[in-house]
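Number of protein chains: 2
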Amino acid sequence: MEGARAVPLEIPEVVIDRLPIYYRRLCRMRDEGYTVVSSQELGEALAVTPAQIRKDLSYFGRFGKQGRGYSVERLCDELRLILGLDRRWRMVLVGVGHLGRAVVSYAGFGPQGFELVAAYDNNPKTIGTKLNGFEVRDVRELPGDLRADPVDIGVIAVPAESAQPVIDTLVAAGVRAILSYAPVTVQVPAGVEVRRLDPLVSLQSMTYYLRRDR
Amino acid sequence: MEGARAVPLEIPEVVIDRLPIYYRRLCRMRDEGYTVVSSQELGEALAVTPAQIRKDLSYFGRFGKQGRGYSVERLCDELRLILGLDRRWRMVLVGVGHLGRAVVSYAGFGPQGFELVAAYDNNPKTIGTKLNGFEVRDVRELPGDLRADPVDIGVIAVPAESAQPVIDTLVAAGVRAILSYAPVTVQVPAGVEVRRLDPLVSLQSMTYYLRRDR
Chain H
-14 MEGARAVPLE IPEVVIDRLP IYYRRLCRMR DEGYTVVSSQ ELGEALAVTP AQIRKDLSYF
46 GRFGKQGRGY SVERLCDELR LILGLDRRWR MVLVGVGHLG RAVVSYAGFG PQGFELVAAY
106 DNNPKTIGTK LNGFEVRDVR ELPGDLRADP VDIGVIAVPA ESAQPVIDTL VAAGVRAILS
166 YAPVTVQVPA GVEVRRLDPL VSLQSMTYYL RRDR
Chain G
-14 MEGARAVPLE IPEVVIDRLP IYYRRLCRMR DEGYTVVSSQ ELGEALAVTP AQIRKDLSYF
46 GRFGKQGRGY SVERLCDELR LILGLDRRWR MVLVGVGHLG RAVVSYAGFG PQGFELVAAY
106 DNNPKTIGTK LNGFEVRDVR ELPGDLRADP VDIGVIAVPA ESAQPVIDTL VAAGVRAILS
166 YAPVTVQVPA GVEVRRLDPL VSLQSMTYYL RRDR
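Line order of the protein sequences matches chains H and G. Okay, so the first sequence: first residue is -14 according to our numbering, each after it adds one. Okay, so the second sequence: first residue is -14 according to our numbering, each after it adds one.
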């Protein structure tokens, strides 16, 4: 692991999912000139309890001194290493509808090390068109392209019924991380990570709270 | 609470966030003719441990009989009530770029009870254009529109720098649930729920796992 600290394996996924949010906030604080932050201050900015932040970070070692807060710079650097953000990650996009176009035109990936290298679709009208510098490729080229030029991450923005076959193709080609905008639960083998950006699931968890207050 | 069971207040948010995923799967099983499901079967389909499913559901009462599994129909009905999905929820969309267009054209909201009633933008070229039956309205009309015709949920698909002012406007007008596609952490008062669909946060939590395996 190239000198990174050994990390215990049993860290809950929900903790890992919070680290990027801490990381983003800390980067911003560093850019704004802050040198030290307390778990109280960080928690207030992120609507997380200070105890939760201390517990989450404690999985990775001792970052803060009791009563003196965290070094913004050091915590930021450590989180970058822990999250694997000290290198570039190559991505392909499959599905170039409205969502896919939003992905292609999103300027936030590159500066954080996520490089979109190609975009695919199955619509003959879309294939071959130019999109933010990409020529949209035929999804049938995907297996061959990935053999010739492997990528780390697949972003899929295809209809629900196409999600599983597209993911199977990506996984067969060695892709081990899938970011899915498709509104469907998909199956992947062990060792492959999937994150879903699903508006319905988010809406349906909020209505739980809305309902309670009625 | 209209006859719904009283729900304890201390249920972790991470549990609530899993319920819509159970609900979706159960609806599909019901539609496919299944009458009973074990936590083992449900867990396998969703990549969640059976123990986790039993624990999550136990917050809400006893749904299953030891060794006999859950009634698909009953669990589906109960989750619908628990999640507040037995009624319609009105939504407005703010921001009609690529992402906003994807939201407007997404056919999955209506059947689940989420009704998009209006779409707003601040771009003079976009305001007044027709989009899936909506005439895009000027975001400056938003406060007046919400006073005249309140909604439950705001979906925001605006650039990072516009997110907070738009959310402030929505919250001031009584909206208590925000689904945000903006790549930024926002502040809301207590009692307002926010869910973010942020591709970078999802990518950065997956690279943690990719990195470990190198």
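Keep in mind that a hint or two might mislead.
Same chains, same label: a pair holds when it works inside one copy or across any pair of copies.
To be verified - Computed cross-link-like contacts, SDA-like style, restricted to lysine to any residue with a CA-CA straight-line distance of at most 25 Å:
#1 K115 <-> L131
#2 K115 <-> L127
#3 K115 <-> R125
#4 K40 <-> T111
#5 K40 <-> E146
#6 K110 <-> D123
#7 K110 <-> G98
#8 K40 <-> P96
#9 K40 <-> E(-2)
#10 K40 <-> G113
#11 K115 <-> R3
#12 K115 <-> T170
#13 K40 <-> V171
#14 K110 <-> T34
#15 K40 <-> V89
#16 K110 <-> G82
#17 K40 <-> E29
#18 K110 <-> H83
#19 K115 <-> P174
#20 K40 <-> R10
#21 K115 <-> T34
#22 K110 <-> A87
Hints are computed from structural coordinates only; laboratory data are not their basis.
For each hint, the structure was consulted:
1. K115 <-> L131: within (20 Å within a copy, 40 Å between copies)
2. K115 <-> L127: Classified as within; 17 Å inside a copy, 36 Å across copies.
3. K115 <-> R125: Intra 18 Å, inter 35 Å, cutoff 25 Å: intra-copy only.
4. K40 <-> T111: Neither: 48 Å inside a copy, 47 Å across copies.
5. K40 <-> E146: So K40 and E146 fail the 25 Å test inside a copy (40 Å) and across (31 Å) alike.
6. K110 <-> D123: within (10 Å within a copy, 33 Å between copies)
7. K110 <-> G98: Neither, since 31 Å and 33 Å both go past 25 Å.
8. K40 <-> P96: Cα proximity of K40 and P96: none, with 29 Å in one copy and 41 Å across.
9. K40 <-> E(-2): both (14 Å within a copy, 17 Å between copies)
10. K40 <-> G113: For K40 and G113, the Cα distance exceeds 25 Å both inside one copy (50 Å) and across copies (50 Å).
11. K115 <-> R3: Neither, since 36 Å and 39 Å both go past 25 Å.
12. K115 <-> T170: neither (31 Å within a copy, 33 Å between copies)
13. K40 <-> V171: between (31 Å within a copy, 23 Å between copies)
14. K110 <-> T34: Classified as neither: same-chain Cα gap 50 Å, cross-chain 43 Å, threshold 25 Å.
15. K40 <-> V89: Neither way: K40 and V89 sit 37 Å apart in one copy and 40 Å across, limit 25 Å.
16. K110 <-> G82: This pair counts as both: shortest intra-copy Cα distance 11 Å, inter-copy 21 Å.
17. K40 <-> E29: For K40 and E29, the Cα distance is within 25 Å only inside one copy (16 Å; across copies 30 Å).
18. K110 <-> H83: both (14 Å within a copy, 18 Å between copies)
19. K115 <-> P174: neither (34 Å within a copy, 43 Å between copies)
20. K40 <-> R10: Answer is within; shortest intra-copy Cα gap is 17 Å, inter-copy 33 Å.
21. K115 <-> T34: So K115 and T34 fail the 25 Å test inside a copy (46 Å) and across (44 Å) alike.
22. K110 <-> A87: both (18 Å within a copy, 19 Å between copies)
Checked against the numbered hints given earlier, the structure breaks hints 4, 5, 7, 8, 10, 11, 12, 14, 15, 19 and 21 and satisfies all the rest.
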